[in-house]
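Student: Generate the whole structure from the sequences, applying the supplied hints.
Residues per chain, in single letters:
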Amino acid sequence: MKREFNTSEWFIWEQNASPMLLIMTLEPSFPYLRKYLGSCFFNSLIIFEPDEKGNYQGKWLFRHEEARVLGQKMVDMLMCTPYRNTFDKQIELAKKNLIRKAQEIEFSAEIEKVDVQTLVNIFEDLYKVYCEYYKYAWFTESLQWQSTHILDKYLKENFKENESEVLKALLTTEYQSFGIDILEDLKSIKEGHLEEISSGNHSKELLAKCEEHSNKYYWKNNNYFSTKYITLGDVLKELEELGEIKIESGYDLLKQKAEIYSDLPAYYKGIVDLCNMAGIMGDTRKATIMTANSAFDKLLKAMAEKSDVSLEEIKMLIPQELKYFIESPEEYKERFELRKERFMVAQSDFPLEDDLIEIPSNDEELESWTVSPMNEPFIVEGKEVENVISELDVRLNLLKHSVGERETLKGVATFYNKEQPTISGVVRVIKDPKIEKLEEGEILVAPSTTPDYLDAMNKCKTIITDWGGQTSHAAIVSREMRKPCIIGTNFASRILKNGDEIKIDFEKGTIEIVEK
Amino acid sequence: MEINPTVTLENLGGKGYHLNLLRDICNVPEFFVIRFDDLQEIDDEIIQNQILNYYNENEYGLVSVRSSATVEDGEESSFAGMFDSILNVRKEGLIPAIKEVVDSVKGQRVVDYCKLKEIDYDQVAMRVVVQKMVIPRVAGVCFTKTSNSNEKMVIEACFGLGEALVSGKVTPDNYMVDRNMLSIENVSIGFQKIMLKQNEYEDVPFHKRNAKKLSDTEIEELAKVSLHIEENLSYDAVDIEWAYEGSKLYILQARAFTGIN
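Those protein sequence lines, which keep their order, are chains H and Y.
Offset between the first sequence (1-based) and my numbering: plus 156.
Offset between the second sequence (1-based) and my numbering: plus 53.
FYI, nobody ran anything at the bench for these hints, they're computed from the structure.
For clarity, every value in this text was computed on a predicted model and none was experimentally measured.
From the three backbone atoms N, C-alpha and C, an ideal C-beta is built for every residue, glycine too.
A couple of the hints might just be wrong.
With a Cα cut of at most 30 angstroms, we get these calculated DSSO-like pairs of lysine-lysine [claimed, not checked]:
(1) H:K457 / Y:K261
(2) Y:K261 / H:K191
(3) H:K574 / H:K659
(4) H:K539 / Y:K205
(5) Y:K246 / H:K479
(6) Y:K246 / H:K489
(7) H:K615 / H:K659
(8) H:K462 / H:K269
(9) H:K229 / H:K324
(10) Y:K301 / H:K489
(11) H:K566 / H:K539
(12) H:K462 / Y:K301
(13) H:K384 / H:K215
(14) Y:K250 / H:K489
(15) H:K566 / Y:K246
(16) H:K245 / H:K257
(17) Y:K222 / H:K479
(18) Y:K222 / H:K664
(19) H:K539 / Y:K250
(20) Y:K205 / H:K489
(21) H:K462 / Y:K261
(22) H:K489 / Y:K222
(23) Y:K246 / H:K664
(24) H:K479 / Y:K301
(25) H:K615 / H:K664
(26) H:K489 / H:K384
(27) H:K479 / Y:K261
(28) Y:K261 / Y:K246
(29) Y:K168 / H:K489
(30) Y:K277 / H:K539
Residues of chain H clear of chain Y, computed beta-carbon distances all greater than 12 angstroms [as the list claims (entries may be wrong)]:
(31) E205
(32) D207
(33) K245
(34) E368
(35) D390
(36) P421
(37) I436
(38) K489
(39) K590
(40) P603
Tutor: Now the structure itself:
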């Protein structure tokens, strides 16, 4: 059964992908990013299943709103020049490290000769370097969305006539994508050897140029599904098929950009810089990761041969599983079959399963207790995926249905007093804390909190938010203020109305409307 | 005191007698039975050495020590959990463990249970089973009938030792199997975060927490063996404790299933 996800809330990235190559990017978006930035993605769900043609397809879901909240933190950090400068240096260094390490493996003749345990060790070393890079590269999407959102809002108010044109100009940069580099390289080869290419009578010089191209861009047809080493023959074929290329000069746009930019207020100049930065980061990330994936694939091929499984099967594993797999490959025989049907990997900044929330039984421990974030992915296989999705739906609103239909509100308690496991009170929904105010002792309900909410948070009896994880503002402040708090309810601010009387059960994380 | 006395229910006690029967029909971890003529004998050093010598000569290693009362495991009353079972015993702990098991017969709860079931307490004699520990990958229970159906059997499975399941600390996988067709009718997977390894709970590695514990082939093998046991013991239904060590199936215990109408 195909399930439709609620596309208005969830961003869905959908492509042919193998679990191994795609899930590699998950780890850096949680523990690595959390450690670096102090905040990370809140929820990510990746579901793999065959598409109509039988090709394995990955669907990556995360909430727009959550990515934007994260993006705001990135904007705040990078608008501060010293941090921005350090960040630029760090990502550049991490990228160089990764490429160097990947190419060492790519061009090593030793890989086929070592045993499977050594292969896993080499893989894990490379993966660490990969995560060190990707935690910075994860700035791309969130930063791009949030900075473009801020800029767009400003332009709509100030450039009513030609807003979209202005935005296009401001988003143009002098940076040239690696895709254009590749085309230009091919174009220059073709122009010098037109006759040979059409006649098929290849000179040594042409072949040398093609070989140079394939050595430089051997990774260019890679993706998150598979990798293919570009050969000399591939390059010749591409040259034959290469049509007329018109590379648009961005000169006019850049000129226009310079004019608009110089008149922008300083803050928005900074925002334009961040938009540009995110665009460039996305492009270099692609080239970097495709290079790394070639090396990973080489290691995986060698492992598959030595463990007597197919490359397709070994890529059904996620990176952290490799060490378990080589210990007992037989345990995975049936699991591969289940995964071929359907396979889900999820990670969250708070536990997805109630079992993972262990509330201490003694008061001393409870004093310092927090819900620990998930540090490992959550894996579900085969038919069970359907059941788990239904369970998660209550918490995450994955599937399409209107807010009105929903009866249960459920979240995660980040702090509460064990002697008072339930609290009743009157709701106050606050979406703009500068305007809306709260009476002492009411229950604060907000989409998510910011420092502007401090006064309301201080006066209220309990805090309830729609979004957020363990590192969210609400979670941290509630612990400091010793205020009971429930995060991640998804709907509270839309379902609950001012004056509603509710009862909160902190142990279960549920909110019940007693009287509307 | 006698080690491995002549095979009678009286000599081996309920559990020992059953294990002895089971040994002929399925794969049971190696064990020996001690018959005490007097419960004080365990304090005698000569007798202690006799037990330790037998243990050493047969290279028992890690063992479990369980009670085997002469009235336990009957078809009418199970005495479930009445007597102590001690797991993961090494050589140095063997004698104290036997002592502890022997002492549990004197407990008030046994006296009360006997009264309830109208069993003559003085008739309850104690034998002790010392059995090689299995270090299970997956373990659990199997009931060859359910309280609702005579056509279905139920298997419950968890990672690590099956004791975690009995104590209710983990939610097991639950497989429903048709007795006649041996087809798997229903699979429900229990999310398992911790497992009992030796004496301590350990985290289940993240990649296994939602995984199905037994493969279809293993479920089928276990169902077959369980029905074979039921047939050979000529009970209406049996309640079996089992464990997979690697890919090898061990039967740890089998008794009449007392829960059916």
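Student: Compare the distance between the alpha carbons of K222 of chain Y and K479 of chain H with 30 angstroms, and conclude whether the hinted pair is satisfied.
Tutor: holds, 28 angstroms
Student: Are all beta-carbon distances from K245 of chain H to chain Y longer than 12 angstroms?
Tutor: K245 of chain H clear of chain Y: closest Cβ-Cβ about 34 angstroms, beyond 12 angstroms.
Student: Minimum Cβ separation between K489 of chain H and chain Y greater than 12 angstroms?
Tutor: violated, 7 angstroms
Student: Taking only the CA atoms, is the gap from K539 of chain H to K250 of chain Y under or equal to 30 angstroms?
Tutor: Holds, because 29 angstroms separates the two Cα atoms, which is no more than 30 angstroms.
Student: Please work out if K246 of chain Y and K479 of chain H have their alpha carbons no farther apart than 30 angstroms.
Tutor: holds, 19 angstroms
Student: Would the non-interface assignment of D390 of chain H survive a Cβ cutoff of 12 angstroms against chain Y?
Tutor: The claim stands: D390 of chain H keeps its Cβ more than 12 angstroms from every Cβ of chain Y (closest is about 37 angstroms).
Student: Under the criterion that the straight-line Cα-Cα distance not exceed 30 angstroms, is the pair K261 of chain Y, K191 of chain H satisfied?
Tutor: Answer holds: K261 of chain Y to K191 of chain H is near 26 angstroms, not above 30 angstroms.
Student: Checking one constraint from the list: CA of K250 of chain Y to CA of K489 of chain H, max 30 angstroms. Satisfied?
Tutor: holds, 24 angstroms
Student: Check the hint pairing K245 of chain H with K257 of chain H against an upper bound of 30 angstroms on the C-alpha distance.
Tutor: Roughly 18 angstroms between the alpha carbons, so the hint for K245 of chain H and K257 of chain H holds.
Student: Regarding the pair K277 of chain Y and K539 of chain H, is the alpha-carbon distance no greater than 30 angstroms?
Tutor: Distance of about 25 angstroms is within 30 angstroms: holds.
Student: Hey, does D207 of chain H actually stay past 12 angstroms from chain Y on C-beta?
Tutor: holds, 24 angstroms
Student: Can the restraint linking K384 of chain H and K215 of chain H be considered satisfied, given a maximum Cα separation of 30 angstroms?
Tutor: The hint holds at about 22 angstroms.
Hints 29 and 38, counting from the list given before, are not met by this structure.
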